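Q: As a plain string of letters, each chain reads:
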Amino acid sequence: MSTTNASKHPDSSWLVSYSAGGLGPSFSVILQAHLAVCARCRCTLKQADVLGAEFMFGAGEVPVGSFSTPPHEIGVRADEPIEWSRDTITDLPQFFDQYIGTHLDCLNWMAAGKGLKVCKLSSQPDDRLWMLRAQPGTVLPRHSHSGSELTLVLKGAYFCEDTIYGVGDIEDATDETLHQPMVSAEGECICIAAVDGPLRFTGLLPRLAQRFIGI
Amino acid sequence: MKEVSTDPNRAETDHETALLLSIQKSRNQPAYEKLFQLMAPKIKSFLIHQGRSVDEAENIAQDAMLAVWRKAGLFNPDKSSARTWVYAIVRNRMIDLQRRAGREMRGKDKYRHESGVEDVSNGGVTDATSRDRLQRLLAELPEEQATTLVMSYVEGKSHKEIADEVGLPLGTVKSRIRIGFQRLQELVA
Numbered sequence: 358m359s360t361t362n363a364s365k366h367p368d369s370s371w372l373v374s375y376s377a378g379g380l381g382p383s384f385s386v387i388l389q390a391h392l393a394v395c396a397r398c399r400c401t402l403k404q405a406d407v408l409g410a411e412f413m414f415g416a417g418e419v420p421v422g423s424f425s426t427p428p429h430e431i432g433v434r435a436d437e438p439i440e441w442s443r444d445t446i447t448d449l450p451q452f453f454d455q456y457i458g459t460h461l462d463c464l465n466w467m468a469a470g471k472g473l474k475v476c477k478l479s480s481q482p483d484d485r486l487w488m489l490r491a492q493p494g495t496v497l498p499r500h501s502h503s504g505s506e507l508t509l510v511l512k513g514a515y516f517c518e519d520t521i522y523g524v525g526d527i528e529d530a531t532d533e534t535l536h537q538p539m540v541s542a543e544g545e546c547i548c549i550a551a552v553d554g555p556l557r558f559t560g561l562l563p564r565l566a567q568r569f570i571g572i
Numbered sequence: 474m475k476e477v478s479t480d481p482n483r484a485e486t487d488h489e490t491a492l493l494l495s496i497q498k499s500r501n502q503p504a505y506e507k508l509f510q511l512m513a514p515k516i517k518s519f520l521i522h523q524g525r526s527v528d529e530a531e532n533i534a535q536d537a538m539l540a541v542w543r544k545a546g547l548f549n550p551d552k553s554s555a556r557t558w559v560y561a562i563v564r565n566r567m568i569d570l571q572r573r574a575g576r577e578m579r580g581k582d583k584y585r586h587e588s589g590v591e592d593v594s595n596g597g598v599t600d601a602t603s604r605d606r607l608q609r610l611l612a613e614l615p616e617e618q619a620t621t622l623v624m625s626y627v628e629g630k631s632h633k634e635i636a637d638e639v640g641l642p643l644g645t646v647k648s649r650i651r652i653g654f655q656r657l658q659e660l661v662a
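Protein chains in written order, with the working numbering: chain A, 358 to 572; chain B, 474 to 662.
Next comes chain A alone, as it looks inside the complex (with noise of 0.2 Å):
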């Protein structure tokens, strides 16, 4: 990932329910995997943090179970769990040991169309994840969704409409939007996207192409 300063982020309200812990995995690893290339974003996290400990701090008190005093030899670990901390990553080979745990090209791809590849990494019926591959200038299917999807861009470009995704952005989209990507000329793209529910699709082959892959 030679990158990168997103310019594209998840709505807010994303970091909201990301801190309060809400989403499921898909959505949560796509989080994850922009707050680690977006400073911004880690500052929106942040805030929303500060509201998740008034809740945590405001909402009562349940007992706990015994105390015990932690040994002396447990000290301090060198990782640091805090996204809000952290620095930016900017290598892919990291992003995909630390999010994916296996090599792009270990992945079980399936052909979706021309110029098209895709990988099922999660497919739970609320929190779906996809791995895209498509060639350089390839037209994805136009389409709508049942619910949520945010995409992650991870190599290479797309365009939705008038407005570019390069490497770290993410698309934000609801069941409200209509979208049909179209991939860079410059290169292959790959992307990582989540979703909740099954995508609509307007054109008579992707319906009958998703009834196999399951999109």
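Check each hint, because a few of them may be wrong.
[Said to hold, decoys possible] Only pairs whose alpha carbons sit at most 25 Å apart, straight line, appear in this in silico DMTMM-like list of lysine to aspartate or glutamate:
1) A/K512 with A/E545
2) B/K507 with B/E489
3) A/K471 with A/E528
4) A/K403 with B/D605
5) A/K477 with A/D529
6) B/K507 with B/E531
7) A/K403 with B/E485
8) B/K552 with B/D528
9) A/K403 with B/E489
10) A/K403 with A/D519
11) A/K512 with A/E528
12) B/K552 with B/E659
13) B/K552 with A/D368
14) A/K471 with A/D519
15) A/K403 with B/D551
16) A/K403 with B/D528
17) B/K552 with B/E485
18) A/K474 with A/D462
19) B/K498 with B/D528
20) A/K403 with B/E659
21) A/K365 with B/E659
22) B/K507 with B/D487
23) A/K403 with B/E613
24) A/K403 with B/D569
25) A/K403 with B/D536
26) A/K403 with A/D368
27) A/K403 with B/D487
28) A/K477 with B/D569
29) B/K507 with B/E485
[Unchecked claim] To be clear about the criterion: a stretch of chain B counts as covered by chain A if any three or more of its residues have a C-beta under 8 Å from a C-beta of chain A, and this derived list gives those stretches:
30) 495-508
31) 514-527
32) 559-569
Just so you know, these hints were derived from the structure itself, not from any lab.
Note that the structure is predicted; figures quoted are calculated from it, not measured.
Glycine is no exception: its CB is placed at the ideal position from the N, C-alpha and C atoms.
Model the placement of chain B on the given structure of chain A, informed by the hints.
A: This is chain B only, laid out in the frame that chain A set:
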């Protein structure tokens, strides 16, 4: 916009931050025990509200407080209060657990199914200062914005779950959360 007084709450948060800094500086075990007593019952209560079982909430609260001890050296008071830092640790624990195990049901519904208990905070010790402050903050919002934020933070519901429950489009739910969040940001700053 009205200002919400932060003084009593500020004293609490400053005390917690001082305890955390004492742990950071000298591995001060009495300070850690005091911080544990202040925070762990609230973390557990919050997690139960979010739909965790009592045992799971206990385990996460204990685990998060152990992480506080282990990672105290990484706390930076210039970046956040102790509360915000600990909240982020708890949240990351929740996300890690969710990724590993998945959750079939979220929010209070699950808790109702499992235990029949509606609201454990009524039976526990309440922190009047923090609770009153939270109620004053929420009172600054229109009801629909406060409701979506409570459904997000307290019940741990996704946008879709909220939209399904209140019968509104996803975009409306997101804008209510966004606007409510923006207004509360100004108040808690």
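Q: Each hint needs a verdict: does it hold in this structure or not?
A: Hints, one by one, checked against the model:
With a C-alpha separation of about 7 Å, the suggested pair A/K512 and A/E545 falls inside the 25 Å cut-off, and the hint holds. At roughly 9 Å between alpha-carbon atoms, B/K507 and B/E489 fall within 25 Å of each other, so this suggested pair holds. For the suggested pair A/K471 and A/E528, the alpha carbons sit about 22 Å apart, so the restraint of at most 25 Å is met. Distance check on the hinted pair: A/K403 and B/D605 sit about 23 Å apart at the alpha-carbon level, within 25 Å; holds.
Pair hint A/K477 plus A/D529 holds up; C-alpha atoms about 20 Å apart against a cutoff of 25 Å. Between the alpha carbons of B/K507 and B/E531 the distance comes to roughly 17 Å, so the proposed pair stays at or under 25 Å and holds. Distance restraint check for A/K403 and B/E485: the Cα-Cα separation of roughly 20 Å lies within the 25 Å cut-off, and the hinted pair is therefore satisfied. Taken as a hint, the B/K552 and B/D528 pair is broken in the structure, with Cα atoms around 32 Å apart against an allowance of 25 Å.
Note on A/K403 and B/E489: the hinted pairing holds, with a Cα-Cα distance of about 18 Å set against a maximum of 25 Å. A threshold of 25 Å between alpha carbons decides the hint, and for A/K403 with A/D519 the separation of about 31 Å lies outside it, so the pair is violated. Annotation: proposed proximity of A/K512 to A/E528 holds, straight-line Cα distance about 14 Å (limit 25 Å). With a C-alpha separation of about 17 Å, the suggested pair B/K552 and B/E659 falls inside the 25 Å cut-off, and the hint holds.
Annotation: proposed proximity of B/K552 to A/D368 holds, straight-line Cα distance about 23 Å (limit 25 Å). Of the pairs offered as hints, the one joining A/K471 and A/D519 holds, with about 23 Å between alpha carbons and a cut-off of 25 Å not exceeded. Between A/K403 and B/D551 the CA atoms are separated by roughly 13 Å; this keeps the pair inside 25 Å, and the hint holds. Restraint check: the Cα-Cα separation between A/K403 and B/D528 comes to about 29 Å, which exceeds 25 Å; the hinted pair is violated.
A distance of roughly 18 Å separates the Cα atoms of B/K552 and B/E485; the hinted pair therefore holds under the 25 Å criterion. Between A/K474 and A/D462 the alpha-carbon distance is near 12 Å, which keeps this suggested pair within the 25 Å criterion. With a CA separation close to 32 Å, the supplied pair B/K498 and B/D528 exceeds the 25 Å bound. Restraint check: the Cα-Cα separation between A/K403 and B/E659 comes to about 14 Å, which is no more than 25 Å; the hinted pair holds.
Distance check on the hinted pair: A/K365 and B/E659 sit about 24 Å apart at the alpha-carbon level, within 25 Å; holds. The suggested pairing of B/K507 with B/D487 holds, with an alpha-carbon distance near 14 Å, which does not exceed 25 Å. Annotation: proposed proximity of A/K403 to B/E613 holds, straight-line Cα distance about 21 Å (limit 25 Å). Distance restraint check for A/K403 and B/D569: the Cα-Cα separation of roughly 18 Å lies within the 25 Å cut-off, and the hinted pair is therefore satisfied.
Of the pairs offered as hints, the one joining A/K403 and B/D536 holds, with about 22 Å between alpha carbons and a cut-off of 25 Å not exceeded. For the hint pairing A/K403 with A/D368, the CA-to-CA distance comes to about 15 Å; that is within 25 Å, so the pair holds. At roughly 18 Å between alpha-carbon atoms, A/K403 and B/D487 fall within 25 Å of each other, so this suggested pair holds. A threshold of 25 Å between alpha carbons decides the hint, and for A/K477 with B/D569 the separation of about 21 Å falls inside it, so the pair holds.
Proximity of B/K507 to B/E485 is assessed by CA-CA distance (about 12 Å); at most 25 Å being required, the pair is judged to hold. With 4 residues carrying a beta carbon less than 8 Å from a beta carbon of chain A, the stretch 495-508 of chain B meets the three-residue requirement, and the given coverage holds. Residues of the stretch 514-527 of chain B lying with their CB closer than 8 Å to a CB of chain A number 10, which satisfies the three-residue condition for coverage. Taking a C-beta to C-beta cut-off of 8 Å, the stretch 559-569 of chain B contributes 9 residues in contact with chain A, enough for the three needed, and the coverage statement holds.
Figure legend: structure checked against the earlier numbered hints; hints not met, in rising order: 8, 10, 16, 19.
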